[in-house]
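Chains as they are written, first to last, in our numbering: chain A, 1 to 686; chain B, 1001 to 1686.
Treat each hint with caution, since some may be false.
To be verified - Footprint (simulated), chain B over chain A, 3 or more residues, beta carbon under 8 angstroms: (1) 51–64; (2) 67–79; (3) 149–163; (4) 388–394; (5) 541–550; (6) 560–572; (7) 641–652.
Stated by the list, open to error - Calculated Cβ distances over 12 angstroms to all of chain B for the following chain A residues: (8) Thr292; (9) Asp339; (10) Leu419; (11) Lys511.
Don't read these hints as lab results, they were simulated from the structure.
Even glycine gets a Cβ: it sits at the ideal position worked out from N, Cα and C.
There are 2 protein chains.
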Amino acid sequence: MALLGTSKYAQGIGLSGVNPDLASERQTASFSVEGLTTLLDGRAEHTRVRRAVVEVIERDPVFSRENQYFQTQNERYEAAVRKAVHLQKKMHEMGWREDGPEFIYIYRAVAGDVAFLLHRVFMRSISVLGSDEQVAKWIPLATKHQLIGSYAQTELGHGTYLQGLETTAVFDTTTQEFILNTPKISAMKWWPGDMGRSATHTVVFAQLYVRGKCYGVHPFIVQIRSLQDHSLCPGITAGDIGPKMNFEHIDNGYLMLQNVRIPRENMLNKFCEVQPDGTYIRRGSQKINYFTMTTVRVSLLSDEVILPLMKACTIAIRYSAVRRQSKLNPGEEEAKILDYQTQQEKLLPQLAAAYAFHFVNNYLHKLFDRGYKEIQERNFNSLPELHASSSGFKAMLSQYCTAGVEICLRACGGHGYSLLSGLPSLYTKIVASCIYEGENTILLLQTARFLVKCFAAASAGQPVPQSVTYLAAVKPGKCPAKNKLDFLNPDIYVEAYQHTAIRLLSSTAAKLQDLIQSGVKKHEAWNQCTVQLVQAAKAHCHYITVKNFVETVEKLENKTGIQKIMKHLCDLFALHGIFSNAGLFLHDGYISGAQMDMITASYLDLLGVIRKDAVPLVDAFDFTDKSLNSALGSYDGNVYQRLYEWAQKSPTNQQVQLLDYSLANSLLARAEIICFSFNQSYTDKS
Amino acid sequence: MALLGTSKYAQGIGLSGVNPDLASERQTASFSVEGLTTLLDGRAEHTRVRRAVVEVIERDPVFSRENQYFQTQNERYEAAVRKAVHLQKKMHEMGWREDGPEFIYIYRAVAGDVAFLLHRVFMRSISVLGSDEQVAKWIPLATKHQLIGSYAQTELGHGTYLQGLETTAVFDTTTQEFILNTPKISAMKWWPGDMGRSATHTVVFAQLYVRGKCYGVHPFIVQIRSLQDHSLCPGITAGDIGPKMNFEHIDNGYLMLQNVRIPRENMLNKFCEVQPDGTYIRRGSQKINYFTMTTVRVSLLSDEVILPLMKACTIAIRYSAVRRQSKLNPGEEEAKILDYQTQQEKLLPQLAAAYAFHFVNNYLHKLFDRGYKEIQERNFNSLPELHASSSGFKAMLSQYCTAGVEICLRACGGHGYSLLSGLPSLYTKIVASCIYEGENTILLLQTARFLVKCFAAASAGQPVPQSVTYLAAVKPGKCPAKNKLDFLNPDIYVEAYQHTAIRLLSSTAAKLQDLIQSGVKKHEAWNQCTVQLVQAAKAHCHYITVKNFVETVEKLENKTGIQKIMKHLCDLFALHGIFSNAGLFLHDGYISGAQMDMITASYLDLLGVIRKDAVPLVDAFDFTDKSLNSALGSYDGNVYQRLYEWAQKSPTNQQVQLLDYSLANSLLARAEIICFSFNQSYTDKS
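Model the full structure from these sequences, guided by the hints.
Okay, here's the thing in structure tokens:
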């Protein structure tokens, strides 16, 4: 390659310059990109702090992810540990505190690729579930990293159904100890992060037995590895569960316990306790436990679900403005693929969804902040609504964003399939969010159960939580829209979403009632309605998301340019949802076929409108090239040069070239030499 | 783990025994599993030959894939080369010939994990595009593996749009040579398989220039590596394009050419030739070229698209019969997750689709065999229909099966996300089938173009190909079904699919016409209709698939048990398609809301019916445990034991345990030692 100078191969673009096809997209932005970034961050000060954190992290070579796509699982893990350790030093050096304004941006800046994240869950569970004495003993040790904590809940045989956990903890009155055991293989702890190799301690969830009586699942602090030499403690079998679709940097582990004895004080006992004589005491409300699980689901949405979709949109849209393929009109130059309607229809609804979900995430955080205040005042009334919201939105957003990232990947054609595009790793990671912290179908059914109850209450004229008061507003009728422009009126489409959400819920509730009245057992009847209950729960979340987007846009009245483009995105999100789920809206004739044609026309028109601002709209997400880690998505659009230069660094190109081919007299035999030369040194024979 | 005997951990099942939860599923099969396997293979003799091939391959440790999930890209490639070489020996040893009955089962048996597959494409392109002299020169060399061939078409800047390729081949009359060049970085060949490290020769597609005039894209045989020492030839820059989402075993490569001279005889010249004086001659029909590309699309459907879905169904359904989670009824034992309606709704439609696609694949092969005979008789009339069919079905099947594999993966919860489930690698591989051999959206638009033409012809009373004669049958009307059982009548649902396919096509054709008549330029009008044209093309393929499934079931009249269950699957495939695309059927009122409720009821009923035979239906696919390579999907259902034993072999568990921890006095510093002990030897200090 030395013969062929860079300049000749740089498509006429200086390497430091921006591809003119991308530069031109930025010249016509209809709004202030910086203004929109500020809106997304909440305020200018947040943007400043975020950028400062990102700059510090990205300037430090320890945090580099450039080689990530070339690394083995072991190498990824080692890098993650190195980063975690280095991050502690860096935070100390920079004066960033866990309660400081920088903290929330650190994880985003390191792009999640650090070890010991479960250490924080370990600490949180002790803070929430432990007594004052337990907090006083363990939290300082954990804070000073005198131990590495993990959180061992899931077992080989049990995930979502916590009551079914099979690990046992039997209280021994004579020694004042709990004896922990893994009675069968399905009871083995499986999946806990940081447990395969790192953790010295973990919180184990086990069935508590006292004098032969089972008191259900309780949390216990168990040391699993020596603080002296990191060897496994007596009675402990533990290791790494092996390769996964992603998360190679995390040592998800397994754990078996054989007659492991821990002192009585190691059961986390804020809410219940086994006294020395074996008396079991329950105190206070356990409801707060659910609240912890509930908040985790909401807290992961931003970094694990919405950001990946924003990144995927940034990569795919920038690439689509640079990639030219085929001709829209004969005689012209090849068109940017972003100018094809089918490409717009793939990408722009994902872009609109990324904005919709960013705003609904803000809504959820407000809901939870309010709920948290109430709960601190011992008012638990909002728990069911919070639980239903966190479940439904975690499920809806993770499913939608996973599908969106996959669409972005496939929309980039063959190059999207290269790890160097950054898209495959976004996909293989986000898909896990559909499963962890509650499998999505189970979660949607929990939301549905809440909705069915509220619907019954609302129908009976009883008060219901604020987010579901609309369920009382059942009214038949038809959509009043007369032409395609009417469907750009938020009142029209919000009403359509509301109508459909109510219809799905009421018809399923009626089916459930009919089944029970016809003699089907309650649980069996519920099972027979679950496909439709899932539909109803999704429709509810979709409605809230659309409504919230509309309300957010209304509040932007003093930001004209931004309000206008956000209105377009809101319209697109809403109409795409109707277009893609047409059956739900047509079913009872609320929307007619003719109106669906108007919706389709407005929807397709919007694609052309938003396409003009597509690149500025992803620029506003404000991702650095390093955070995207993508040959296709970088700010300058020099995609081919970057792909080529990066590929040459791949381990697959570190081949020894000098071989003694006289060893082989057929090409097939030679193939063996060629291909196995990585591990064997033929060079010394040549 | 030595302390804890296997028997205690084997869930009460002998390791050689079958999990009772899976065994019981097989006792109640309503049909002969062996009979269905025979039906899928075509005849009993095929089943016998297939099993013999599989046995020979799987008995040979060289072909083992057990460590595949632990391997790096380099290791995968090396193993694939080793397998390719060994396969040649094995075929010779077994007397398996390329034209023998065993051949088609070999690729399936090695699960695609071999190198040098492009060598066959290299040979085929010479056979099809080369003159008799060229065939006589190159094919024997290739057959004897005196060279390793590749096929260099795609460039960094061009995939689907072949006319846009930028590589040049300029004829030099003085030396009677072509001079090949890569004029800019986007012209670099990128993606060709076997080219990164293996190939010595390749067929390069380049723009032919003679005396300054461009004659378009032509194929040239170019040697890229020395046959003596495998070093790159003068003027050649080549290497591996780096990590991908899957296909780690293939060395997809890049190639740059700088003034590479090849003799005039190296242009493949069956259909066109540059004479010594530079005169360009075109002869014969080039249509046959398109036919080659067309057949490739159909030939990949079985192994690359349908088999992966069958494997995913086998894994997910067996696991769902073994996995118990939560309770359907209070007081009972935990339920098999396959008994939950939502789990059935995820998996059983995928199972039905796998059967539907197997049968439509048979239909396509018959269509192509007939077409091939006609073409050999120089009758090219069927080419447009064949091209449209191969494009549309490749797109529809790859998209559907990719989504299906993803559903199966997610339906297995956390364990599905482990590579050891076998599901992630099925997904990351099949998703590429949506892109390669023609990006799906482009392909569907080619089908749509054919349909629009046929629709116009049919409307004008002109003859159209057999598969689209239905387009002449436009008639308004309503679905005559009166109750949910009517929707188990194939006439009813086939008619509904036909009606919808015609409606989508006719309304889009009308929109296209309107736009053009209103003054929009033809190409721009086409672009504005593409979202709907894609819908119409999919609806056409969906209709043909349903119709073909119905006809296949009708022909099974002498196999009562099999016919009955196939009828259920056919009904399920059809009704699931209507349920999932309800808007398309409700749009013009052909199906009413009340009828959609009947369809939903029948659809949900069918889930319960087919659930009873779900395990026998996947058993009939007849995959060995080794071919599934899955801890969750094996025949005996001992999933937890297998996960645990396999995970222990992971490189992530090959950790040195004896370290001198006195080196570090804080746990964080110790973490660095722990985690970096793989590559560094601290043991000698202890």
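Verification of the supplied hints:
{"no.": "1", "hint": "51–64", "result": "violated (count 0)"}
{"no.": "2", "hint": "67–79", "result": "holds (count 7)"}
{"no.": "3", "hint": "149–163", "result": "holds (count 7)"}
{"no.": "4", "hint": "388–394", "result": "violated (count 0)"}
{"no.": "5", "hint": "541–550", "result": "violated (count 0)"}
{"no.": "6", "hint": "560–572", "result": "violated (count 0)"}
{"no.": "7", "hint": "641–652", "result": "holds (count 10)"}
{"no.": "8", "hint": "Thr292", "result": "holds, 20 angstroms"}
{"no.": "9", "hint": "Asp339", "result": "violated, 8 angstroms"}
{"no.": "10", "hint": "Leu419", "result": "violated, 4 angstroms"}
{"no.": "11", "hint": "Lys511", "result": "violated, 9 angstroms"}
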